[in-house]
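Engineer: Using the hints, position chain B against chain A.
There are 2 protein chains.
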Amino acid sequence: MAAALATESSSNVQEMLDIEQNKSNERAQWVLNAPKPPGFWQELVNSVRETFFPHRRKFKNEHDGFNLVFTFLHGLFPILHWCRNYKASKFRNDLMAGLTLASLCIPQSIGYATLAKLDPQYGLYTSVVPPLIYAVMGTSREIAIGPVAVVSLLLSSMIQKVQDPLANPIAYRNFVLTATFFAGIFQASFGLFRLGFLIDILSHAAVVGFMAGAAMVIGLQQLKGLLGIPHFTNKTDAISVVKAVWNSLHHTWSPQNFILGCSFLCFILTTRYLGRKKRKLFWLPAIAPLVSVILSTLFVFLTRADKHGVKIVKHIDRGLNPSSVHQIQFHGQHVGEVAKIGFVAAIVALAVSIDQSDTYMEAIAVGRSFASIKGYRLDGNKEMVAMGFMNIVGSFTSCYVATGSFSRSAVNFRAGCESTVSNIVMAITVLISLEFFTRLLYYTPMAILASIIMSALPGLIDFNEFYNIWKVDKLDFLACIGAFFGVLFASVEIGLLVAVTISFAKIILISIQPGTEKLGKLPGTDLFCDVDQYPMAVKTPGILIIRVKSALLCFANANSVRERIMRWITEEEEEEEKESSQRKARKNTQLVLLDLSNMMNIDTSGLASLEELRKTLDSNGIELAIANPRWQVIHKLKMANFVDKIRGRIFLTVGEAMASCLGA
Amino acid sequence: MAAALATESSSNVQEMLDIEQNKSNERAQWVLNAPKPPGFWQELVNSVRETFFPHRRKFKNEHDGFNLVFTFLHGLFPILHWCRNYKASKFRNDLMAGLTLASLCIPQSIGYATLAKLDPQYGLYTSVVPPLIYAVMGTSREIAIGPVAVVSLLLSSMIQKVQDPLANPIAYRNFVLTATFFAGIFQASFGLFRLGFLIDILSHAAVVGFMAGAAMVIGLQQLKGLLGIPHFTNKTDAISVVKAVWNSLHHTWSPQNFILGCSFLCFILTTRYLGRKKRKLFWLPAIAPLVSVILSTLFVFLTRADKHGVKIVKHIDRGLNPSSVHQIQFHGQHVGEVAKIGFVAAIVALAVSIDQSDTYMEAIAVGRSFASIKGYRLDGNKEMVAMGFMNIVGSFTSCYVATGSFSRSAVNFRAGCESTVSNIVMAITVLISLEFFTRLLYYTPMAILASIIMSALPGLIDFNEFYNIWKVDKLDFLACIGAFFGVLFASVEIGLLVAVTISFAKIILISIQPGTEKLGKLPGTDLFCDVDQYPMAVKTPGILIIRVKSALLCFANANSVRERIMRWITEEEEEEEKESSQRKARKNTQLVLLDLSNMMNIDTSGLASLEELRKTLDSNGIELAIANPRWQVIHKLKMANFVDKIRGRIFLTVGEAMASCLGA
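Those protein sequences? They're chains A and B, same order as listed.
Start counting the first sequence at 259; every next residue gets the next number (my numbering).
Start counting the second sequence at 259; every next residue gets the next number (my numbering).
Isolated chain A, as found in the complex (with noise of 0.2 Å):
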């Protein structure tokens, strides 16, 4: 009788695992009856789709044509959206906001163009037409349009190479204004065909890199005008202007200029402490530039300063930007030159302004909920579209690349903007300055503008952040300072050259690195994990199951990652045999559980590789498993015929593959 039980409930207990193992069996089947992965041509298709399109469910509802136009210039231009709902006391705010901005815009947009090396009043232009093409068009409520140092130095670098300013500068002028236009289109275009990943490409790390350098650079460019030095180099690296400098201490400075600039510098400096001392002096830093301006402008004309060595700024065109359209050029040798220089421009500003844009929302965060920023992310690619139109109509009206300036933009935010109706007012005030107020601006002193400058640049400088890219990231951190000292030791160019190199050289090194690890299977779970990340994780004897950890098995890793799995496996016999000197019951390795979840795909040389494993494994009477094949590889698996050489060891789940292996 009990032997009857004892045979029942054995057979019972048998029933049971044949049940298990069929339905593991079955599961198995699911792994290689897997539908066909989407072919090559597929995934381009969808790729292409899905860049271009991605909102194409959306048209499917029952929009009729109107509706489809009304969407569409909605989308546009998105002031037809918020300006129905717009109110006087908003305006005041706007008004308010704009008339900030405006302060700290003249003075910066008349450093800004010395730098770029163009006369003073192209720098004024370039605030007139942006912001009122960016007001109807973009959708950021704070940031503030117009010149800025790190594209206004960008441009005077690349494009002297091309003509220099000294030597012609009609033709040099030209070639900005070309070079304008040539980045709106890219900019245009990269917003119209959804081609913001460009952008990406400029890392992170690499624009708090590029931006510090270029600080830094500025800042050695300012000592020119610091120093009232008359001859100056043409090179931008640290070392050729510091020789230059040093040449001028011991010949021609004049130190009127550096006690003016300097002293109004401080004077700067400290409003802005004071600024951030007390929140409710943020109009303080704002307007000091203009303040210094004028002081400094009276100080020269009432004491003639100018007659004792002091450079001043002399004339500025007065009037409204003048049509340029005919000094764009489509012909001559250097237009390609001229293209090239504006897709970087084009791309530098963008990615300035997004960065900036989003180390700015991190700052504006902190002090208000979210929920009241809610929505506010700026839709990368009508803003695209946006600055290149933008940029497109400036560059006809004697305006060179405008992009969105990180300091003004936290002046327009503090002082309470309500909508981009605060660059409109900033806009028309420059207009009417550059329409009276022009010849006012004779006597102000060169020094003043480097002093300008130069207290703009340490907002570029993030030390905080070079400092979380160093604790995150290391190789992260190797190329922002790359590209900080490709810039300041070389040039622009090359100091993007060398950050994108670094960038791109990281994804390769991290993509095909051979990595592989251990599992050991959790106490208490099925789960099988890393036994180094989790150390409570439980190896099976006589079973190495390994995980690879590369996304890709392709010709740089494959050869690599198979020697490893070789390593391990005579590494785990070393270790088995040393402690079977003691135990002498431990067996060998007998399987090798390969788990590809993390293969995502896998080329012809990966699959010779996988094979040769597998006749090593083989002639050394070890048997080899898979667990968890993905889509692609699965199907080239099939295809190369390894399925049908492994048949039978394919699983779901290691833990299925554990239990099937064990039980034959």
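Treat each hint with caution, since some may be false.
No copy is singled out in the list; a pair is fine if it fits within one copy or between any two copies.
With a straight-line Cα cutoff of 30 Å, these simulated DSBU-like cross-link-like pairs (lysine-lysine) come out [as the list claims (entries may be wrong)]:
#1 Lys-903 <-> Lys-535
#2 Lys-776 <-> Lys-896
#3 Lys-281 <-> Lys-348
#4 Lys-903 <-> Lys-732
#5 Lys-776 <-> Lys-732
#6 Lys-776 <-> Lys-640
#7 Lys-419 <-> Lys-565
#8 Lys-281 <-> Lys-776
#9 Lys-729 <-> Lys-903
#10 Lys-281 <-> Lys-493
#11 Lys-729 <-> Lys-873
#12 Lys-873 <-> Lys-640
#13 Lys-873 <-> Lys-538
#14 Lys-797 <-> Lys-281
#15 Lys-732 <-> Lys-873
For the record, the hints were derived by calculation from the structure and aren't laboratory data.
Structural biologist: What follows is chain B alone, placed relative to chain A:
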């Protein structure tokens, strides 16, 4: 009573749930409290150690000094290992194989020397010294060492850009010898410093395409000899060559050469066909070239056809390899360039040899069981040291770059070689020919050399492999076809460059593609799998489970991944809306569960992107949970304070995350 029971059972259930909950919490703690992963420096040190000292454990055993030296010598000279078991019967096989090899090698060597634009005897020299060195240092039994077509072409096409071989043949030869020396140095250092992965930059697909392109170019070059054209172009691209041939056809070609060459080409190809049909006749194609040389030479000698326009080899220097130590140049303006050529030649020679040995292994493994060639896999590093030394010594003894020849290795294998002694026999035979028989080759027609070279070319074009690569991986095929057309229509270097560029671009492309997939629960399991790969997987309403497929969330794909996830949510909600219009009871997405099990690393941009995703979801009232973050990722999430921000919503598995979030 019943109520009490019910209460008790429900409290039991509650208890069990609590226990389950506790366990799950505990496991979530495992994720959070993982030990610190190895830092950047430690990983660097590890990978350097793995590269240079992979077998360090082995040396820990009780080796004394003498043993170590002994092991080292054994490692360096494998001949010490097997020569003790070498028997007369083996030697008989090796002797036969060696003689067969020599009969194929002598005409091929002379032909390849003309391909390398050197005097014929240099080909023979190269078949003497390198095989001898390889015989004592190499690990492969079947490989036949000597000049090969692809490397000969590579050297001549690259060096003739530095020095015209017609204008100054001596200077040209010195450059070839110097390049050989550098190639040897590079190969030996690859082996000594375990830099074998450098060879891997030429993917299998690239090598296949490159070889096929090179074969076409070589074939076109042979038209010169076959048609007896006196003035030919120095360029190697197809268009220039075809033009040159076309021009010559109108002026100065000699039909005698063509008829002679073609008839013997037909003869050689016929013997090859016979050799393939009947395995026993393998020697027929092997000696056919030598027979052709003898017959054609006799024919020309007897008919004095050289006086009627048949071009002949004329004088070949007799005697042993002369020393060329003093011809290697380390000074002069071209040393850097020649070293670069040596580097390229080193990599190509190794890649060709390794790739062919792999293909070849496949071919021969079909015939035998794998066990009989077990342990045959070449030790890459030893092999590279052996090849390096043979080329260094070769460069001192008037040899140019030698490597393993595919056609001759196949003959060697079929002739039944037992060890590298067959290479020694071959080398001695070539040596004897050099000493005594060079005079007999005076009347050998050039057209025969051309037809011998051409007859070896079909082996270099592997149509099957082209098709296989196309089938398995379209981007690999692009690299393959890029190398092919690059070599054919531009130049050898450009072909290589194109292939390497495409291969690495492919890695970048695959690594940064913003892959995400929706997961569903597999019926009957706790597993969550890709719903596309496993159509039986069931989605849970209200919960969106997304797995990031990229191994790296970095600046290049972080934004796209974030946008794609947001789009998944929109699509999901739209679908649910559609369904709920019928069923009315559906709820919106409440939880987004990110499965990070495939993500190996994350950079600052990736962290920022995750943080932004969290905020956006938060502001839309959707919860974000994370399952199975990997070692580096959880570490970085902790450092960036992301863990604190979504505390309690990081889990070990998708299943536990679902249970916990649904419970709460």
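Engineer: If you check each hint against the structure, which ones fail?
Structural biologist: Failing hints, ascending: 3, 7, 10.
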